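> Residue numbers (the numbering used here): 1 to 208.
In case anyone wonders, no lab produced these hints; they're calculated from the structure.
Careful: at least some of the hints might be erroneous.
Claimed, not checked - Label-pair ranges, simulated between beta-carbon atoms:
no.	residue 1	residue 2	range
1	Ser90	Leu193	29 to 39 Å
2	Gly38	Val148	19 to 29 Å
3	Val119	Glu18	24 to 34 Å
4	Ala158	Lys80	29 to 39 Å
5	Val185	Thr49	19 to 29 Å
6	Ala17	Thr49	12 to 22 Å
Claimed, not checked - Derived BS3-like pairs (lysine-lysine); straight-line CA-CA distance at most 25 Å:
no.	residue 1	residue 2
7	Lys80	Lys187
8	Lys80	Lys64
9	Lys135	Lys172
10	Lys54	Lys80
11	Lys135	Lys187
12	Lys135	Lys173
13	Lys172	Lys80
Bear in mind that the values here come from a model prediction, so they are computed numbers and not experimental data.
Backbone N, C-alpha and C define an ideal beta-carbon position, used for all residues, glycine too.
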Amino acid sequence: MFTGIVEELGEIVAVEAEGDSAVLTIRGPLVTEDAVHGASIAVNGVCLTVVDVKDGTFTADAMKETLDRSSLGALEPGSKVNLERPVRLSDRLGGHLVQGHVDGVGTILSREPGERWDVVTVSLPGELARYVVGKGSITVDGISLTVVDAAADRFSVALIPTTLALTTLGHKKPGDPVNLEVDVVAKYVERMLGDRAAGAPDPVGGAA
Numbered sequence: 001m002f003t004g005i006v007e008e009l010g011e012i013v014a015v016e017a018e019g020d021s022a023v024l025t026i027r028g029p030l031v032t033e034d035a036v037h038g039a040s041i042a043v044n045g046v047c048l049t050v051v052d053v054k055d056g057t058f059t060a061d062a063m064k065e066t067l068d069r070s071s072l073g074a075l076e077p078g079s080k081v082n083l084e085r086p087v088r089l090s091d092r093l094g095g096h097l098v099q100g101h102v103d104g105v106g107t108i109l110s111r112e113p114g115e116r117w118d119v120v121t122v123s124l125p126g127e128l129a130r131y132v133v134g135k136g137s138i139t140v141d142g143i144s145l146t147v148v149d150a151a152a153d154r155f156s157v158a159l160i161p162t163t164l165a166l167t168t169l170g171h172k173k174p175g176d177p178v179n180l181e182v183d184v185v186a187k188y189v190e191r192m193l194g195d196r197a198a199g200a201p202d203p204v205g206g207a208a
């Protein structure tokens, strides 16, 4: 589990294709300080498992499903990536609950520079539109953001100077893909309401 607060702007060192999967080598001196084999690190919002750690870099396997359902398949040596270690139970929840499971890929549609922040509009896959609301939370490339406006096929977010300086969204341009993860709480609520509408029994001890 993550919070969407990016710890470090890392860099892809190497991408090695292995059949229908790939091995990514990623530079991230901060996130590798306490990383060990089997640890989890979010890369542009995708939870990956650390295979090896060496000299401030780590390697991780990306399966075909991950490459097909996220923007990781477009990464190449030199690409910048957002990195975050899992949240500890003792940590403050600075963003929102993020699983590191990408729900879809959007595309940067436009950027409107302001004096201190940019407003960025991102395309929204139709099947995700019902989970995205104004002033709600969404994860874009692993970054916890607040939705400014939401429509059936797009949404906008305002990026403060810190986000512009310390994450990939400071460098993304119209046409670039981004990983999207909607608020998991919304998905659970939808599932529970659907079960009740279908007449599913309440859990043992639940209210009638």
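> Hint by hint, which ones does the structure fall short of?
2, 3, 4, 7
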